[in-house]
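Chemist: Sequence:
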Amino acid sequence: MFNRQRNQSGQQSAIASAFDDVLAELGSKAADAPAGTEEGEAPEAATGAAAAEPGEPAEPAVPNGAAPAPSVTDRITEHAETLRATRDAQHKAEEMLALAATARSEATDQAEQIVLEAKSAAEQVRADADEEAERTRREAVEWVKEQRDRVESATALLTRNAERDAENIRTEAMRSAMIEAEQTARLYVGEAAARGARDAEEIRGTAREVLHRAAELGADLQTSLGELVQVLQLATGAVSDQLSAIDQLLDEVRRDSAAAPAPEPQDAPSDESGESTDTDETPEDAGTPEKDEKDDRSDAGDGSRKLGALFRDQAN
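Sequential numbering from -15 applies to the sequence shown in the numbering used here.
Bear in mind the hints are in silico, worked out from the structure with no lab data behind them. Every value quoted in this text rests on a predicted model; they were computed, and no experiment measured them. Fair warning: there could be bad hints in the mix.
[What the hints assert, rightly or not] Derived CB-CB ranges, DEER-like:
| # | residue 1 | residue 2 | range |
| --- | --- | --- | --- |
| 1 | A177 | R154 | 44 to 50 Å |
| 2 | L83 | V56 | 36 to 42 Å |
| 3 | R188 | T155 | 32 to 38 Å |
| 4 | A157 | E200 | 56 to 62 Å |
| 5 | G180 | T155 | 32 to 38 Å |
| 6 | S137 | G180 | 56 to 62 Å |
| 7 | L205 | G180 | 34 to 40 Å |
| 8 | T143 | T190 | 45 to 51 Å |
| 9 | T143 | S104 | 36 to 42 Å |
| 10 | L195 | A222 | 37 to 43 Å |
| 11 | A177 | D204 | 53 to 59 Å |
| 12 | E123 | E156 | 48 to 54 Å |
| 13 | A178 | S208 | 26 to 32 Å |
[Stated by the list, open to error] Capping the alpha-carbon separation at 20 Å, the derived lysine to any residue pairs in SDA-like fashion look like this:
| # | residue 1 | residue 2 |
| --- | --- | --- |
| 14 | K76 | D93 |
| 15 | K129 | T139 |
| 16 | K103 | D114 |
| 17 | K103 | A91 |
| 18 | K103 | D93 |
| 19 | K129 | N145 |
| 20 | K76 | T86 |
| 21 | K76 | I60 |
| 22 | K76 | E65 |
| 23 | K129 | R110 |
| 24 | K103 | T86 |
| 25 | K129 | A140 |
C-beta atoms are modelled at their ideal positions from N, C-alpha and C, and glycine is treated no differently.
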């Protein structure tokens, strides 16, 4: 609808532009016609004045074999006809423009009427559709409710029948299963008794073998324990001997440390001139408590090395 209205307005604008072009062409032709007439009259008037003599009528100069030139009256008449045709064309164009404007207004009114009718029709259709949808929804809800009731009743009936059939099948199966279970139990009891007797005999034989083996292992274990006791006694004696040797070695180290003599102090050197200098400085080789302590530590280190060598010998 709106596309049709736009197309009509486009056509009307095209018609108006065409009319404007026609009017412009007619106006340009009307403007060119008087100018040409005036320009043509000037040379002809000059020629007639030059050719005419006083007291004689002026005759236009007509070349041999040529048509006579149009007179001024003919040109004025032609110009008037041109202007009249221009005015008629202008009036027609104005009438066509008025008709086009009228058609455009009518088309606009029709378009507005069509739009209003379309809106009312759309609203009516929408209202009908809403009413139909509501009615369909109510019918669907009622139908679903009826189907649900039917399904629930059918399900309850099928459930009761299935429970009754299941109870009958369970009873029959239990009766048949009890008979078969009793027969199978008798068979299994007989087989289990025979198998138990065989297994008991095998277990008794295996137990006897295990007891004999355990007795042998106990005897071997007792022998091994006796040997282990002897080895431990020997090791204890060796450790006691090592401890005694360590004590003796430590005693020797202490005695050596206590009996070590202190070094004697040396005289200070004199210079070549024979002059003696009395100083309170201690010579480098003089015995000091620090040096004695170092000697004691060196003796203790020698004792430790001896003790380590003794341990290595015992380990070897």
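Chemist: Taking each numbered hint in turn, which are not upheld by the structure, reported in ascending numerical order?
Modeler: Numbers 1, 3, 8, 9, 11, 13, 14, 19, 21, 23, 24, in rising order.
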